[in-house]
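Trainee: Protein chains in written order, with this note's numbering: chain D, 205 to 385; chain F, 205 to 385.
Misleading hints may appear alongside valid ones.
Pairs count within a copy or across copies, as identical chains cannot be separated in the list.
As the list claims (entries may be wrong) - Straight line, CA to CA, 20 angstroms or less: simulated DMTMM-like cross-link-like pairs of lysine to aspartate or glutamate:
1. Lys370 x Asp235
2. Lys373 x Asp363
3. Lys207 x Asp302
4. Lys207 x Glu332
5. Lys373 x Glu338
6. Lys312 x Asp224
These are computed hints drawn from the structure, not numbers from a lab.
Chain by chain, the residues:
Protein chains: 2
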Amino acid sequence: MRKVVYGGATSLDQMLARSDGAVDWLVMDPDAMKIMGEMWPRFDVMLMGRKTFTHSMEQFSEEDLKKAEKMKGGMRSVVFSTTLEPGERAGYEIVNTDAAEFVRELKKEPGKDIMVMGGGELAASLFEAGLIDEVGFNIQPVVLGTGIAAFRPISRQIDLELIECKVMKSGCVYVLYRVKN
Amino acid sequence: MRKVVYGGATSLDQMLARSDGAVDWLVMDPDAMKIMGEMWPRFDVMLMGRKTFTHSMEQFSEEDLKKAEKMKGGMRSVVFSTTLEPGERAGYEIVNTDAAEFVRELKKEPGKDIMVMGGGELAASLFEAGLIDEVGFNIQPVVLGTGIAAFRPISRQIDLELIECKVMKSGCVYVLYRVKN
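Given these sequences and hints, build the entire structure.
Mentor: In structure tokens:
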């Protein structure tokens with residue numbers, strides 16, 4: 205069955221972004237780009253919550269979005285939202301169905317792996333439902349102090365098995381875990 | 205000047221303990237013990253907040269406490285509390301002075317490095333005051349979901365430089381950073 209991977213770049217205090225969604229603190233590391241580039245072909249669906257989507261849209265220029273569109277290739281991109289009108293927007297599929305239910309069905313379909321880009325709320329609902337198979341973070345050498353947390357309170361403990369750990373010249377530490385379900 | 209090091213064992217979601225203070229989820233790793241054993245001689249003072257102290261006292265048996273006392277050696281151990289009576293208790297020095305002020309003075313005194321055992325509240329007040337010089341965590345392969353957070357909201361960003369990263373057979377990842385003050 206295709207795997208669901210939750211990942212991204214985080215601070216040491218496990219923030220995905222500043223409170224306003226800014227990611228200006230991210231270290232641009234060629235090693236991280238390489239890892240991302242190697243991982244990319246695993247996936248053919250990208251999932252995100254509405255806030256991550258909105259922040260991304262607000263934060264990046266038209267130019268950035270074109271690059272993102274190019275990088276994304278033909279990848280199906282799904283945004284879970286209870287407030288946005290369902291439908292297509294800038295190449296993204298907006299859905300307002302229950303995320304866990306949607307992902308459960310998606311995993312049954314044939315295809316490559318599924319990437320959860322964030323944020324923490326979407327990940328929490330998928331962790332609760334036992335739908336995440338791998339967790340991969342590039343931990344940056346910074347404590348943000350406040351921000352958008354990668355992990356939200358959930359009612360269950362998630363046991364992990366370390367698959368890989370790579371230390372980068374920039375001081376970033378990339379960790380990839382398998383979820384022991 | 206002697207350095208202040210904040211460290212401990214955390215889950216991937218950066219919890220130091222479960223909500224009730226339990227640390228039953230910690231992986232007992234001989235490599236981690238070795239790192240701890242190598243670090244120990246750096247320190248001659250150990251600092252902790254009242255909650256960490258109380259949880260430790262409640263959780264460990266008389267036997268454990270004797271072992272801890274032995275491991276601690278002659279190390280000065282200071283507990284910051286606004287509720288406990290100042291004075292000495294089970295070899296621990298209870299103080300109710302402002303932690304930042306106390307640590308600022310302590311750093312001026314001659315001596316070895318100073319270890320902040322936790323918890324997050326004490327560390328936050330010391331981060332705010334710019335008094336922490338190194339951060340070292342042994343990240344365990346688990347997401348606790350809820351618990352006592354190692355990092356509390358602070359008003360400033362703490363930039364770090366990775367000193368060391370060790371991957372253990374158990375899947376623990378030990379990271380040590382220098383704070384760029």
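Trainee: Look at each hint and say if it fits the structure.
Mentor: Results for each hint:
1. Taking the shortest Cα distances, lysine 370 and aspartate 235 sit within 20 angstroms of each other both inside one copy (9 angstroms) and across copies (18 angstroms).
2. For the identical chains of this complex, lysine 373 and aspartate 363 are inter-copy neighbours only, at 16 angstroms across copies versus 29 angstroms inside a copy, given an alpha-carbon limit of 20 angstroms.
3. Taking the closest pair of Cα atoms, lysine 207 and aspartate 302 come within 20 angstroms of each other only inside a single copy of the chain (19 angstroms); across copies the shortest separation is 50 angstroms, beyond that limit.
4. With identical chains, the CA atoms of lysine 207 and glutamate 332 are at most 20 angstroms apart within one copy only, with a shortest distance of 16 angstroms there and 41 angstroms across copies.
5. Only between protomers do lysine 373 and glutamate 338 lie at most 20 angstroms apart by alpha-carbon distance; the minimum there is 19 angstroms, versus 25 angstroms within a single protomer.
6. In this homomeric assembly, lysine 312 and aspartate 224 never come within 20 angstroms of each other (Cα to Cα): the closest approach is 36 angstroms inside a single copy and 39 angstroms across copies.
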